[in-house]
Structure formats: C-alpha cells, structure tokens
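K.L.:
Read off the chains here:
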Amino acid sequence: MTVTPEGKPRKQIHLAAHFPGVNNTTVWSDPAAGSHIDFRSFVHLAQTAERAKFDLFFLAEGLRLREQGGEIYDLDVVGRPDTFTVLAALAAVTDRLGLAGTINSTFNEPYEVARQFASLDHLSDGRAAWNVVTSWDAFTGENFRRGGFLPQEQRYSRAETFLRTTWELFDSWKGDEVVADKDTGTFLSDPAAGTFAHRSEHFDISGRFTVPRSPQGRPVILQAGDSDEGREFAAATADAIFSRHGTLEAGQAFYADVKGRLAKYGRQDHQLKVLPAATFVLGDTDADAAEKADVVRKQQVSPATAIKFLEQLWNTDLSTHDPDGPLPAFDPVVGENTVAKGRASVRMHRDPVATAHEWRALAEAKGLTSRELIIEVTGRQNFIGSAETIATRIDDLVQADASDGFILVPHVTPGGLDEFADTVVPLLQERGVFRAEYTGTTLREHLGLDQP
Amino acid sequence: MTTPDPGPHLAVALDGAGWHPAAWREPLARPDELFSARYWTDLVREAQSAALDFVTFEDTLALQRGGSPEATDRVRGRLDAVLIAARVAPLTMGIGLVPTVVTTHTEPFHISKAIATLDYVSTGRAGVRVRVGRPHEYPHFGRRDPEEDRDSLFTEAADYVEVVRRLWDSWEDDAEIRDAATGRFVDRDRLHYIDFEGAAFSVKGPSITPRPPQGQPLVTALAHAEIPFRFAAGSTDLAYVTPTDRSDAERIVARLNGLPHVFADLVVFLDDKPGAAADRLARLDETAGRAYASDAHVFTGTPAELADLLLDWHAAGLTGFRLRPGAIPDDLTAITRGLVPELRARGAFRSGYEADTLRGLLGLPRPANRYATA
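Order-wise, the sequence lines are chains A and B. Mind the numbering: the first sequence is residues 1 to 452 in the UniProt record's numbering, read in order. Mind the numbering: the second sequence is residues 1 to 374 in the UniProt record's numbering, read in order.
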C-alpha cells in the first residue's frame with residue numbers, strides 16, 4: 001500500500017457523478033447540451049460513470065418548480081424525472097454503479113418509501129442509496145395531501161424518525177425467511193415475517209412489510225444538511241455526507257467536525273464518508289482550462305441570472321437594476337424571504353445585510369460590476385486545470401482529510417463527465433488511489449461500509 | 001366498405017408465480033427468483049415475443065393474505081410494481097408496461113411523475129392500473145380510518161386520476177424552448193398550475209416532470225360492480241371486467257359503452273391435450289388443499305378452445321382480454337406459443353408490433369393537451 005509523505009496509508013478516493021441539476025451550474029445553452037428528460041441522457045452519464053468505476057450516480061429532486069417574484073423561474077433547466085423510476089430503469093443498463101436518489105421525508109410515508117428502496121435494492125442487486133432530505137415549506141406542500149403540515153423546527157425530528165422507521169421495516173425481514181421449498185410446500189419459514197409496529201410522535205403504524213430483506217439490508221444513507229442539526233443527523237445516521245465544503249481549509253474543518261461527532265453515536269470514522277460536491281473544468285493545459293472556466297462562468301451567470309441572484313439576497317424586485325453597474329446601494333429587505341421559492345440556497349443567506357456589505361466591499365476592492373461580483377461569489381469551479389493538475393488536487397485534498405472523495409457535478413448534460421472519465425480517472429488509478437476495477441458488487445462494498 | 005376486424009387485444013396479468021396459490025410448486029416455477037429483476041424481465045420478454053399489447057403487474061401495499069394471514073405455503077412478498085416495470089423497460093420493446101398503484105394511500109403528485117417517467121424510460125409504453133385501498137393496508141400508513149366508507153374511496157380515486165391527468169398536461173409539449181436570445185429554458189406561459197381542489201386533497205402543480213411521450217399514458221382499472229363501473233367509465237381509458245359468460249359480457253359492455261376499451265379478465269389453464277389443463281388444475285387444487293376460486297371466469301382447455309371463447313366474447317363487444325396465467329411459466333408460454341399462433345392462424349391477432357406506443361397499439365390517438373390554447 002502506498003503511503004503519504006507523512007507515512008499514513010494513502011486513502012482510496014470515492015467518486016460520484018451528479019446528474020446536472022436545475023440550477024445555473026448547468027449550462028443548457030452549450031451546443032453540446034442534450035435533453036434533461038430523455039432517458040438516453042441518464043444512460044449516457046451513468047454508463048460513463050460506471051466505465052470510470054465511480055462509486056455511485058446521484059440524482060437530486062425538488063417537488064415543486066422554483067419561483068421567483070411570483071413566477072416560475074425560467075432561466076435554468078426546468079423539469080426532471082421521478083427519482084425511483086429513473087433509478088430502477090438505470091439498474092437495467094448498469095451492473096456495479098451505485099444508484100442514489102434524493103427522497104424527501106416530509107411529503108412521503110415510511111411504508112411506501114421503504115418498499116421503494118428495498119425494491120430498488122433487489123432490482124439493482126444491492127446498489128441503492130438514499131439521500132434523505134427534509135423540507136417543511138407550505139410552498140412545496142401545496143402539491144401534497146397534507147399541505148404545509150410540518151413546523152420548520154420539526155423537520156429533522158420527522159426526518160430522523162422517518163429514517164429509523166424505515167430501518168425497522170427493512171429489519172422486519174431477517175433475510176432467511178423465503179425458502180420456497182417446492183417439495184415440502186414451505187414458502188416462508190416464518191409465518192410472521194415482516195411484522196412491525198412503530199408508534200412515535202410522527203407515526204403510528206403496524207402490520208407487515210412486503211419486501212423480503214434486500215442485498216444491502218438497507219440502502220446506503222446520504223445526507224446533505226449543513227446546519228448544526230443537519231450535521232448531527234448525518235453523524236447519527238448517514239453513511240456518507242454530501243457537503244459543499246470543497247476547499248482545503250473549509251473541507252478540513254467540516255471533515256474534522258462531522259467525523260468528530262461520530263464517537264458519541266458509537267460510530268467510527270470509516271462509517272461516514274465525506275463527499276463534497278465539486279465542479280470542474282478540464283483543459284489541455286492549466287492556462288487553457290482557466291480560459292474555458294472563465295467562459296463557463298459567464299455562461300452560468302448571464303446578466304439576467306445575475307439579477308435573479310441579487311434579488312435572492314436583496315429579497316426584492318431588482319428587474320430594473322443594471323447588471324453591468326455597481327451593486328444596489330440600499331440594503332436587503334430583512335424578513336422572510338418572499339422573492340425566491342422552492343430554493344434551499346436562499347436559507348444560506350442567514351444575515352442578508354451582512355452578506356450584502358461583504359459583497360459591496362469585495363466589489364469595490366476589485367472593481368466588479370454586479371454580474372462580475374455574482375460570478376466571483378457563486379461561480380468559481382472547484383477544479384480547474386489539466387487532467388494532471390486536477391488529479392493531483394483531488395488526491396491532495398483527500399489525503400489531507402479535506403474529504404473522502406467528491407461528488408462531481410458536470411455542467412453539460414449528458415457528456416460533461418466524459419473527459420474526466422477518460423483523462424483524470426486513469427491518473428488517479430495510476431497513483432493507486434482509485435480502483436481500476438470494482439472489487440465488490442454492492443454500493444456498500446464500494447464505499448467500504450459495514451453490512452447492517 | 002368495412003375493414004376486417006383485427007381481432008381482440010391481448011394483455012397478460014403478471015403476479016408472482018401465477019394466479020393459482022400452488023403455482024409456485026410446479027416443476028418449471030421459479031419461486032426463489034420472484035424478487036429478482038431477471039425473473040420479471042424473462043416474463044415480459046416472453047409476452048413481448050408474441051407481440052401482446054401489454055402486461056400488468058399486480059401490487060398491494062400489504063403482504064398477501066391468501067389462505068390465512070399466517071399461511072406459510074403461499075407466495076409472500078412483493079416488489080414495488082412501478083419499479084419492476086421501470087427495471088424491465090430498457091430491456092424490452094413494443095410491449096406496454098402497466099403497473100398497479102393504490103390511490104387511497106399514495107400521493108397523486110408522486111404517481112403522476114412516476115408513470116410519466118415510466119413513459120420516458122419505455123419511450124411511450126407506460127400505463128397504470130389504479131385501485132383503491134384495502135382494509136389491511138390502512139395500518140401501514142396510520143393516517144386514515146379503515147372503517148371509512150368504501151364507496152367514497154372511488155370518488156376520491158376519480159379525483160386522484162383527474163389530478164394525475166392534469167399534471168401530465170401541466171406542461172405543454174413545446175414548453176421547453178431553450179431560447180438563447182432571452183436566456184429562457186422554458187416558456188412559463190406553457191406551464192400550468194392545475195389548481196385542483198377536492199374533498200380529500202388539493203394539488204397546485206405544475207408537475208416537475210414534462211409531459212410524457214404519450215401525452216396521457218393509459219389509465220386502467222378493474223371493475224366488478226356499479227360503483228367501480230362508474231369510476232372506470234368516468235376516469236379510465238380501459239376497464240378490466242369479469243363476465244361469467246357471453247351474455248354477461250354483453251351486459252357489461254353495454255354498461256361501459258363510452259369507454260374505448262373493455263377487456264375481460266380470465267384466469268387460464270391451458271394445455272394442448274384435451275382435458276389435460278383441467279387435470280392440472282385439479283392437481284394444483286389438491287396441492288393447495290382447496291378448489292381454486294376467482295373473481296374472474298376460470299378457463300381450462302386447449303389454446304384452440306380458448307381462441308374460440310375469446311372470439312365469441314369479442315363478438316359480444318369486448319375489445320380485448322387480460323389473461324391471468326394460472327401458473328408461470330406454463331400458462332404464460334401456452335398463451336404466447338399456443339394461443340397467439342392459433343389466433344394468428346385465424347387472422348385474429350397481429351404478427352408483430354405495428355406501433356411505437358401503447359396508445360398506438362390500442363388505436364388511441366395522442367390526446368391534445370387540455371391546457372394548450374393554440
């Protein structure tokens with residue numbers, strides 16, 4: 001086994017492929033950009049990821065089309081498939097790749113979600129993963145039976161109870177009940193297989209679960225919460241955490257923080273993988289990549305998109321603001337963010353006035369227009385460079401405990417991962433830090449996780 | 001001039017190892033593979049090899065209870081039907097895929113996008129069979145009273161299908177414009193709130209999933225009596241019914257005369273040798289310890305005899321049949337390799353797929369979008 005200069009064994013890197021999402025990272029105007037809904041796009045990205053021996057394919061989900069200023073947001077990709085359905089179909093055209101879906105714990109019920117994940121795990125021979133997301137907002141609730149029923153402060157409580165309830169359902173079958181012995185006529189060895197009863201603040205359910213134990217026992221659990229509560233939830237329950245801290249310092253701090261929370265749940269470091277989301281721009285040389293990255297950022301932040309970003313912080317209509325002029329001179333409207341709906345990122349602006357002051361100071365120091373400022377604060381790709389540069393950077397970050405790998409977010413659908421698969425992955429394999437072949441069949445095995 | 005009748009449509013209802021409770025013990029049965037993708041892919045490909053219109057996948061949000069809830073000599077356990085259909089879709093062509101969903105305990109928003117996505121991954125071969133909740137499913141959700149009025153479940157199911165259909169139409173076909181000049185990916189004027197308000201739920205829309213390839217995937221339901229008939233007539237494209245004989249079929253067809261398709265469900269036990277199928281059913285009954293009973297007519301006989309019956313009932317107005325194989329694979333292959341060639345020899349079944357979509361196979365046009373103004 002190779003070792004780092006400090007003498008530690010070199011960590012193996014984990015990589016995931018994020019299907020390009022419904023935000024401005026995805027450049028739909030690129031001439032190479034294909035459909036976001038045609039199944040062939042999903043097949044292309046998943047098969048590219050599998051060819052490159054990635055750990056998993058990742059699909060996000062949002063249950064209401066985003067709005068801004070009371071209208072459906074039309075500048076980004078809009079529209080996506082049903083998560084479970086497209087993952088089950090991808091299981092037919094891949095063999096080893098993990099299949100991770102984002103499923104909401106607020107607008108679903110444990111019995112149904114558990115049988116969907118257990119079914120997906122059977123149908124993929126042990127490759128299912130669940131990115132557990134919480135929401136509470138009445139805006140999304142308008143598409144569902146119960147509406148906006150959940151108080152914000154209960155969203156993690158419901159999410160954790162929901163998750164643990166599904167575990168009770170998965171565990172209601174031990175795995176040896178189906179004997180299907182034609183001669184003796186015994187199909188089930190246990191007449192009570194699947195029996196469960198759960199009563200808590202959020203659920204009061206009992207009966208029998210329909211799906212015999214699946215290859216992984218239960219799906220791999222991913223979590224993306226960043227708040228203190230979210231990190232605690234991940235430390236208690238998740239197998240991997242999907243963070244947005246992709247730089248060395250922020251990554252190391254986050255990594256140490258969440259791994260440090262594991263012990264109190266009786267868990268060890270290897271049981272929670274830290275996988276920041278990361279964008280990338282490859283070039284033949286670093287200079288070439290930098291030039292391309294600049295073009296991509298301008299595509300991602302059009303003048304109109306820049307105004308929409310400003311509105312999300314300023315919380316008011318800025319449709320007459322000049323994107324090529326300075327930032328608004330007045331402070332953001334304080335209070336509930338009413339401009340942007342269905343967008344988790346607006347909650348990141350915890351102190352909009354302070355953020356606006358930082359932005360203004362930055363814009364003045366660097367002489368940036370409104371659009372240039374937005375590019376500066378939102379658009380920088382994590383990895384920019386030649387394949388050699390990017391491979392080195394990824395390996396360095398992982399060996400420095402800034403992460404255990406990355407969830408790569410291409411900016412073009414569906415071919416945006418092709419070059420990475422062809423050029424960066426072989427370099428990581430040469431370094432001995434990324435698998436050359438799959439050694440296991442299940443996602444748990446790829447991630448080095450224990451079987452529950 | 002009249003065009004010759006092309007004969008009845010044919011679907012197969014897939015459930016476990018077949019519809020007879022002892023089917024899983026037959027020599028060719030694969031009861032230890034019921035939870036594998038390979039099993040379901042093999043069955044659908046077998047149906048596809050005979051150019052059948054579609055297959056349905058049974059489902060309940062509860063464990064099977066045949067025999068008794070504690071019986072250990074029956075098949076127990078099931079995977080989610082929508083996901084089985086999706087898993088099979090990329091590996092099949094031509095054949096329609098129609099999973100069962102339960103309206104009472106699920107979200108119309110989720111099911112609408114799931115079936116739309118099944119339509120995308122199958123490139124236009126998706127349908128759905130809807131049914132209302134059964135009492136023993138209720139405790140698994142814990143949100144509703146199992147004693148609630150059964151009739152009102154059908155009223156709610158009608159609302160449910162209305163929401164599912166509106167959501168499918170909530171994107172106009174040309175909503176995605178990718179207009180570089182204005183930077184707009186969609187034309188928001190071609191996306192529609194559905195603003196459904198019903199007694200059981202309200203749904204705002206639009207769907208997160210663009211309008212599926214067929215526009216409106218096929219909606220189907222099984223109906224045995226007046227209230228389900230009313231639901232089927234008002235909400236579906238195709239009803240499965242359970243006539244006991246030809247005159248019963250005529251009566252039911254008259255009741256559902258507004259529907260494009262009425263299929264009779266039949267449980268079938270088939271054998272080329274006269275009398276052999278009845279003997280096999282008797283043997284299966286003996287294994288199960290009781291005589292097989294069904295809501296649908298139980299047919300035993302040769303493929304030629306079944307062809308006679310199907311053509312006779314088809315002449316009574318049924319547009320097709322959903323055959324429930326008594327045992328799988330025996331009765332499935334008897335349908336694909338015995339019945340279908342027999343019908344073809346009589347000029348009463350297609351020789352291959354003649355349409356790319358399930359609606360197309362059933363002679364249904366791609367419907368206009370209810371929200372399109374142009």
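Calculated from the structure, these hints are not laboratory results. Treat the hints with care, since some could be wrong.
Cut-off 30 Å, straight-line C-alpha distance, at most; resulting in silico cross-link-like pairs (DSBU-like, lysine-lysine) [unchecked claim]:
id, chain 1, residue 1, chain 2, residue 2
1, A, K182, A, K292
2, A, K264, A, K8
3, B, K273, A, K182
4, A, K259, A, K11
5, B, K204, A, K341
6, A, K264, A, K11
K.L.:
None of the hints should be skipped; say for each whether it holds.
P.N.:
Now the hints, each set against the structure:
1. Taking the CA atoms of K182 of chain A and K292 of chain A, the gap is about 64 Å. The hint is violated against a cut of 30 Å.
2. Annotation: proposed proximity of K264 of chain A to K8 of chain A holds, straight-line Cα distance about 25 Å (limit 30 Å).
3. As the CA atoms of K273 of chain B and K182 of chain A are separated by approximately 25 Å, the hinted pair is consistent with the 30 Å bound.
4. Between K259 of chain A and K11 of chain A, the direct Cα distance comes to roughly 15 Å. Compliance with the 30 Å bound is thereby established for this hinted pair.
5. Between K204 of chain B and K341 of chain A, the direct Cα distance comes to roughly 14 Å. Compliance with the 30 Å bound is thereby established for this hinted pair.
6. Distance check on the hinted pair: K264 of chain A and K11 of chain A sit about 24 Å apart at the alpha-carbon level, within 30 Å; holds.
In this structure, only the earlier hint numbered 1 is contradicted, and the remaining ones agree with it.
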